[in-house]
Structure formats: C-alpha cells, structure tokens
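Undergrad: One-letter residues, chain by chain:
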Amino acid sequence: MLVVNIEQAGYPGDTAILEDIHFSVKPGELVGLIGPNGAGKSTAVKSILGILNNFKGNVEVSNYSYVPERPIFYERATLWEHIDFLQAILQVHEKEFMKRAEELLEIFQLTDVIHHYPDSFSKGMQQKVMLILAFLRKPDLYIIDEPFMGLDPRATKILLNLLEEEKKNGAGVLMSTHVLDTAEKRCDRFVLLSNGRLIVKGSLSDIQDKSGLSGGTLFDCFDKLMEGES
Amino acid sequence: MPDIQFFLKRLVQDVQEQMTPIRSILDWSVLLYIVIPLMIVFPFFYRDAWENVHLYWGSDVPFIFLCGLVLLAVSGGHIRTYLWEADLIYLLQEKRLLSHLKGYGLIYSLLMAIVRILLIVFIALPVLTLIYGMEYLDILNFIIIVGAYHVTILTVKKTISKKIWKWMFTAVVFITYISIIEFLHSSVYGLIGLISLVALILVHLNLDKTNRLLLNEIRVEHEERSKYARLILKHSMEVEKTSHNYSKKPGVLFRHSGRLFKNRSRENGVLELQLKAFLRDRNYIISYAQLVGFTCFAIIIAPFWVKIIIYGSFIFFIRYWSGMISRKMLTNRFFQVAPLEKTKLVTVEAEFKKWISYPSIIVTSVIILHIYFIV
Numbered sequence: 001m002l003v004v005n006i007e008q009a010g011y012p013g014d015t016a017i018l019e020d021i022h023f024s025v026k027p028g029e030l031v032g033l034i035g036p037n038g039a040g041k042s043t044a045v046k047s048i049l050g051i052l053n054n055f056k057g058n059v060e061v062s063n064y065s066y067v068p069e070r071p072i073f074y075e076r077a078t079l080w081e082h083i084d085f086l087q088a089i090l091q092v093h094e095k096e097f098m099k100r101a102e103e104l105l106e107i108f109q110l111t112d113v114i115h116h117y118p119d120s121f122s123k124g125m126q127q128k129v130m131l132i133l134a135f136l137r138k139p140d141l142y143i144i145d146e147p148f149m150g151l152d153p154r155a156t157k158i159l160l161n162l163l164e165e166e167k168k169n170g171a172g173v174l175m176s177t178h179v180l181d182t183a184e185k186r187c188d189r190f191v192l193l194s195n196g197r198l199i200v201k202g203s204l205s206d207i208q209d210k211s212g213l214s215g216g217t218l219f220d221c222f223d224k225l226m227e228g229e230s
Numbered sequence: 231m232p233d234i235q236f237f238l239k240r241l242v243q244d245v246q247e248q249m250t251p252i253r254s255i256l257d258w259s260v261l262l263y264i265v266i267p268l269m270i271v272f273p274f275f276y277r278d279a280w281e282n283v284h285l286y287w288g289s290d291v292p293f294i295f296l297c298g299l300v301l302l303a304v305s306g307g308h309i310r311t312y313l314w315e316a317d318l319i320y321l322l323q324e325k326r327l328l329s330h331l332k333g334y335g336l337i338y339s340l341l342m343a344i345v346r347i348l349l350i351v352f353i354a355l356p357v358l359t360l361i362y363g364m365e366y367l368d369i370l371n372f373i374i375i376v377g378a379y380h381v382t383i384l385t386v387k388k389t390i391s392k393k394i395w396k397w398m399f400t401a402v403v404f405i406t407y408i409s410i411i412e413f414l415h416s417s418v419y420g421l422i423g424l425i426s427l428v429a430l431i432l433v434h435l436n437l438d439k440t441n442r443l444l445l446n447e448i449r450v451e452h453e454e455r456s457k458y459a460r461l462i463l464k465h466s467m468e469v470e471k472t473s474h475n476y477s478k479k480p481g482v483l484f485r486h487s488g489r490l491f492k493n494r495s496r497e498n499g500v501l502e503l504q505l506k507a508f509l510r511d512r513n514y515i516i517s518y519a520q521l522v523g524f525t526c527f528a529i530i531i532a533p534f535w536v537k538i539i540i541y542g543s544f545i546f547f548i549r550y551w552s553g554m555i556s557r558k559m560l561t562n563r564f565f566q567v568a569p570l571e572k573t574k575l576v577t578v579e580a581e582f583k584k585w586i587s588y589p590s591i592i593v594t595s596v597i598i599l600h601i602y603f604i605v
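As you go down the protein sequences, you meet chains A and B in turn. Using the working numbering, you'd call the opening residue of the first sequence number 1 and step up by one each time. Using the working numbering, you'd call the opening residue of the second sequence number 231 and step up by one each time.
Derived by calculation from the structure, the hints in this document are not laboratory data. Model, not experiment: these values are computed from the prediction. Errors might be hidden in some of the hints.
Unchecked claim - Non-contacting residues of chain A with respect to chain B, defined by C-beta distances greater than 10 Å in every case (computed): (1) Met1; (2) Leu52; (3) Ile72; (4) Glu75; (5) Glu81; (6) Gln91; (7) Ile114; (8) His116; (9) Ala134; (10) Asp140; (11) Arg154.
To be verified - Simulated crosslink set (EDC-like; lysine to aspartate or glutamate; CA at most 16 Å straight-line): (12) B:Lys479 <-> A:Glu19; (13) B:Lys478 <-> A:Glu7; (14) B:Lys479 <-> A:Asp119.
Glycine is no exception: its CB is placed at the ideal position from the N, C-alpha and C atoms.
Same shape as in the complex, but just chain A (with noise of 0.2 Å):
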C-alpha cells in the first residue's frame, strides 16, 4: 500500500532535510506521522507525493488521496464545481459519486454553502471541503497532513468515524499530526521523526519501550524522547 524507503531528501540546493527514513503502510492502518515543529514531517509527505527534486530513494504507493496541511483550491470554483470536477477527472459512475457527495456534504453541515467559493470559507470549513473531495476518490491510501487543524469538535469526530470505516473496508491511512493524545487513541502504529531523522517506530508499546516510560502516554514518551533529542 505504501513502502516509503527515503535515503536523502530535500530541497534544491540545500542540505538533505531527510535521511534514512522508512517505513510502510499497511492495508487497514492507521500510521501516525509524529514529530515536532521543522522534524520534517512535511518535507516527508512530499517525498511520497513524488514532487521533490532533491531525493534519494524509492517510495511505492498505491492509489491515494491527499489533504494537504493548507488547503488548495482551484481560483473562483465553487465547492459544487470541485466536487462536479473531481468527477469528470476520475470518471466514475456520475449518479453514485454524486449521491455520496451530498451524504458528506450533510454530513459535514456544508450543504448551504454549495454554489460558494472554497476561498471564502473558514479555515475548518476549508478543512471539511479537502476532507470531503478526499473521501469521494475512495482510495487505497489516505495520505493526510495536520487534518485537526482548525476544525470544530464535532467535524474531528466526524473525520475519525469515517477514517474508522474506510480502514475497515481495508484503506490505510498515513495521518501527520501534532495532536498526540487524539493519535494516542486511534492510530495503530507511529513513525516518530526528528531533525530529519527516523526516532522510533511501531506501536504505543513499542515507543514506551524506547523512551523508558513503560505505561507513559505518546505524550509523556515524545517528551522524553525529544529530550534526548534536543
């Protein structure tokens, strides 16, 4: 599903951001991409995108959605004209994808704002719209930056029922984010990087086995870890 084997990566003429990094994701699983601020968490979902110039290494994926961490949008196209867009590139059954597109529509209360632009809308609006056009590809993969980011309570547990579902019929999902006690609880596995680098990977047991703190929470053992780090 997805095999990333990072030797080097980064930026044209910069040093490599990241080095040695890899890891996998498997049909069903939830993989937590975790690290602070400039680990290079970001730089790594590019590699697997495959829109880096300065990369070493091989990276397999299978069919994927993307959100991005900042939302993109086409300029002056309404939310409905995306979706209508999203179908004509991918070229499915027209009655179905639309139907599934006003569940989630409803399902994320952005049904009165259809004939708006993206543009205007908040940032967990913004958020709820790159979710939805994620969602209607129906991938194998979900490759998903910071989705927590600006959205409302009830849109995150939203978001993690139906992140639920589509691992159960067998999508995996690799999720960047900061959000550590909300990861604690729903992901299968975690990928800690720092300074470019690979930390730790596996399981919650795995990580508290490497920090020391048997019982700790991804909380306590990031903490400690990065500590070691800094």
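Place chain B on chain A using the hints.
TA: Showing chain B alone in chain A's frame:
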C-alpha cells in the same frame, strides 16, 4: 516646521520612494537600448507627422475617436494629499496643518495635470490642426475642456469610495464631456470647461478644510505611493500574482455551478474549470477587453496595410496569451489534490485557446471586412 516645508519634505520623500522601483528596471542597458534611442527618434517621427500626417492617422476617422483617446489618456491619476496612515494618530488634531498639506497637494496635482494635458495635446497637435483643421483658439478651448474633464474625474475619485459608483460616475462624466466636445462649438465648450474648472477648484478648496474624506484620501495615497512597484510586479513573469477574490460566490456567471459541457470527459472537466476561472476573474476580463478594444481601435484608425499587420499580429498574440493562461492555470496547487495524470493537457490547452481567441478574432475580422467592403 513651516507647513510648506513639511509638504516639500513629504513630496521629496515620495519622489525618492517612487524612484526606487523605477531605478530597478531603468538600468543602463534599458537606458542605452530603449530610452535614449526613443528620445532620439521621437523628434524625427514628430516632424514627419507634421509633413505626412496621413501616414499616422486616417483622415476618415471621426473626431470623436481622437477625443475619446485623449480623454482616456487623462483619465488616470489622483489628487494627491501626501497624507500617511500614521497621520490618523499624530496629525488628526492638527487641522490647520492637514488643511495646508492638502492644499499644497492640490496645487501640485493641478500643475502635474497641466503638464500631462499639454504633453498629450502637443503629441496630438499635427492631427488636430492638419486633419481636423483646428485653429489656435480651438486648441486652447480643447485644452480647457480636457482639463475640466480631468479635474472632474479626479473629483469623482476623491469623493466616491465605492467602486461600482466610481465606475458609473466615471462613465457618465466621460460620455457627457465627449458629447459636449462633439456637439458644441469650441468657444462654447471652452467656456463650459472654464466655469467647471473654477467651480471644481472651489469645491476642492472647501473639501480640504474637512477631514470627512480622510480615510479615502489615505487609501488613495497608499495606492499612489505603491503604483510603480505594483506595476512592475504586475508585469513580472517571475512573480506569482495571487488573485484576491473578495466575493463569496459567483456574481453573474454560473451562479448555481451549472455545467458548460454535457459530455463529461476528463479534458472537458479541466477545460470547464479553466473557462469559468477566466470568465470570473476581473483581471483577465479587463486585460482581454483592453486587448480587443485597443486592437479594434488601431484597426479603425490605421492605414490599410498597417491594419492587416495589426490583425495578423493580434491573432498570433491572442492565441499565445490564451495558451499561456491555460498553462499557468494548470500549475495551480489544487492539482496536487486532484492529479491530472490521465488527462490530455495538450487537448485542454488547444480547446481553451479556441474558446478564448475565436470570439475576439471574429470581432476583429468583422471590422476588417466592414472597412474593406463598405467603407
């Protein structure tokens, strides 16, 4: 510090600020290869225009066209006040100083307006005298009415802050003045211009005593101070121009997200998105209208062989321009979220070029054919 010194200090500072972006493009190579050659050849062309005016301006072109062109050329600019945003805090209670600052700004703006109008009339002089047979007194009256128009437009810009009203009033003023020049004798429109000028200057002297328009004046000053920098950025290929879309939903076109094409291929999906983005973007539409408008105007006034060159160049350029816009639109980061790997982007670009260029090519072709067969 005396008020006049305060004004001069701000004027000098403003000129220095404006020179920074100008100097950034006006290096020695631009001076050597463009500015100096232009300054050298201009007198020769100007002299030639006096001797062979028919090479430069068609004698069958109505006077109203030249009027429109001159009025458009003087439609820009603002009455400067040299106010800064910080004045809201530090000078708001210094009413006398503010009033004097605005007064000197008005005098300076009017002097600049006189220079600009005289320059434009000087350039148009061969056409005004040799084609339209204007005498000295007619030209003086023409200068006065153009000056009155300019000050009226500046007044509209100063007193009205809402864009839609500003555009509407500008259009009304333009039509009114062009009708006055077209239908009245030069001595009559000269007199009307003189009365309007005096009345408008009195209005401005009164306006300078109040702070009612202060916010609008500060906004205008901000625009004026950054105009050259914005102009350079606007025409710079290396700088990404983010379009600021302040409206929440489409104003007129496809308000309910209606489809353009029944056939839902990948290519049509992308094309539809591009066409809607183009039609809803004010900057694209204004550039398109300017391009078509100026070309039509040039085709009307130019001698026949020049018309053909303009027409051919226009077809080449409009297709190049629309292709460039299509390619630029495809660089939108949204396509990271919705990748286009299976879409034939060459087809999309070709179709976009057709949709954008064909209407304008039809309009210019109709004008050429009309001139060739009927006139």
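Undergrad: Which earlier hints turn out false for this structure, listed by number in ascending order?
TA: Violated hints (numbers, rising): 3, 4, 5, 6, 7, 8, 9, 12, 13; every other hint is consistent with the structure.
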